[in-house]
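Enquirer: Position one of the sequence shown corresponds to residue 1 (UniProt numbering), numbered consecutively onward.
Hints should not be assumed to be uniformly reliable.
[Unchecked claim] So the derived label-pair ranges between C-beta atoms look like this:
#1 D88 x H146: 17 to 25 angstroms
#2 I139 x W207: 33 to 41 angstroms
#3 N148 x D267: 39 to 47 angstroms
#4 P20 x R232: 36 to 44 angstroms
#5 P106 x S196: 19 to 27 angstroms
#6 I139 x D277: 47 to 55 angstroms
[As the list claims (entries may be wrong)] List of simulated lysine-lysine pairs, DSS-like, C-alpha gap at most 30 angstroms:
#7 K107 x K234
#8 K183 x K144
#9 K132 x K197
#10 K110 x K234
#11 K247 x K107
The set of hints was computed from the structure by calculation and includes no laboratory data.
Glycine is no exception: its CB is placed at the ideal position from the N, C-alpha and C atoms.
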Amino acid sequence: MKKYLWTSLKARLHLIQSRPGALFNWLFLPGGPGLGSESLAPLTDILNLPGSIWHVDLPGDGSNHTPDDEKYFSRWSEALFEAVSVLDHVILVAHSTGGMYALATPKLQKVLKGFILMDSSPDCSWLQQFIKYVESHPIEEASKLHVNYAKKPSNRILKKLTLASAPYSFTKTGLQAGIEFLKDLPFNYISCEWSSKNFDASYKAKWVPKKIPTLIFSGEEDRIIPLNFFLRSKKFKRENIKICAIKNAGHFPWIENPKQVAQLFTDYYQMLINHFDD
1 MKKYLWTSLK
11 ARLHLIQSRP
21 GALFNWLFLP
31 GGPGLGSESL
41 APLTDILNLP
51 GSIWHVDLPG
61 DGSNHTPDDE
71 KYFSRWSEAL
81 FEAVSVLDHV
91 ILVAHSTGGM
101 YALATPKLQK
111 VLKGFILMDS
121 SPDCSWLQQF
131 IKYVESHPIE
141 EASKLHVNYA
151 KKPSNRILKK
161 LTLASAPYSF
171 TKTGLQAGIE
181 FLKDLPFNYI
191 SCEWSSKNFD
201 ASYKAKWVPK
211 KIPTLIFSGE
221 EDRIIPLNFF
231 LRSKKFKREN
241 IKICAIKNAG
251 HFPWIENPKQ
261 VAQLFTDYYQ
271 MLINHFDD
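Make the full structure from the sequences, and use the hints.
Expert: Given below as structure tokens:
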């Protein structure tokens with residue numbers, strides 16, 4: 001099997017590991033937007049799942065550059081569906097905005113065998129709540145960088161802004177580890193800007209998993225997208241959907257509580273097996 005696959009719409013699939021025992025293809029989609037799938041490496045490194053694990057970058061995400069990132073990223077929904085359709089027996093694992101892209105692509109329910117959402121939301125209400133949180137808990141350096149970024153966006157300023165805003169993403173205990181994690185990640189401001197202008201503020205889930213075994217989890221101290229958005233949604237209260245909080249963790253829970261996250265994936269795999277054995 002090839003280590004890298006590219007789709008016609010420029011999505012990139014990177015094979016991370018394969019283990020015997022199942023035919024599942026686990027596709028890990030990063031948040032961001034514009035943040036590379038390298039952000040998921042500390043997660044996939046700790047997982048021991050039967051089947052193959054892939055990192056997926058949409059066109060324009062992180063280091064997956066294209067001849068025209070804005071043009072190709074604007075077709076994110078088609079690109080995501082095409083990427084998922086390249087392989088069989090796919091479990092899509094999507095973080096943050098990546099999960100929102102998935103829930104805004106109803107065709108996925110026809111091809112997915114399983115679905116995991118991490119620190120995501122069923123609609124855009126998280127954005128206004130987070131804006132209010134930032135206003136009441138300002139970080140001076142982040143505020144200055146945000147002004148500079150708004151005037152002239154660039155990858156350099158976006159990375160500096162993300163690092164300065166790290167206290168929003170991590171607990172006090174996990175902050176230093178979080179900064180170390182963020183500082184080497186690739187960013188692409190073009191995709192970030194496109195999503196900000198065309199998706200983030202108007203997003204609403206277009207489908208709910210009715211039969212697909214689904215796991216939804218967030219850090220219990222996630223200040224950006226708290227788990228409450230799913231907990232309050234009646235549509236997502238279903239027998240096939242399990243919702244969990246990760247203790248002592250923020251927006252990247254695998255950085256702060258890898259043990260509980262890894263156990264959740266192990267339990268979810270058993271949930272999958274039980275589903276297909278019935």
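Enquirer: The structure should be examined with respect to each hint, and the outcome stated for every one.
Expert: Results for each hint:
In this structure the hint that D88 and H146 lie 17 to 25 angstroms apart at CB is violated, the actual value being about 43 angstroms. Evaluation of the 33 to 41 angstroms hint for I139 and W207 yields a pass: the beta carbon distance comes to about 36 angstroms. Distance hint check: the CB atoms of N148 and D267 are about 44 angstroms apart, consistent with the given range 39 to 47 angstroms. With their beta carbons about 41 angstroms apart, P20 and R232 fall inside the hinted range of 36 to 44 angstroms.
A hinted range of 19 to 27 angstroms for the beta carbons of P106 and S196 is consistent with their spacing of about 23 angstroms. For I139 paired with D277, a C-beta distance near 50 angstroms keeps the hint of 47 to 55 angstroms intact. Proposed proximity of K107 and K234 is supported: the alpha carbons are some 22 angstroms apart, at most 30 angstroms. Of the pairs offered as hints, the one joining K183 and K144 holds, with about 19 angstroms between alpha carbons and a cut-off of 30 angstroms not exceeded.
Of the pairs offered as hints, the one joining K132 and K197 holds, with about 19 angstroms between alpha carbons and a cut-off of 30 angstroms not exceeded. Distance check on the hinted pair: K110 and K234 sit about 22 angstroms apart at the alpha-carbon level, within 30 angstroms; holds. The suggested pairing of K247 with K107 is violated, with an alpha-carbon distance near 33 angstroms, which exceeds 30 angstroms.
Checked against the numbered hints given earlier, this structure breaks hints 1 and 11; the rest are met.
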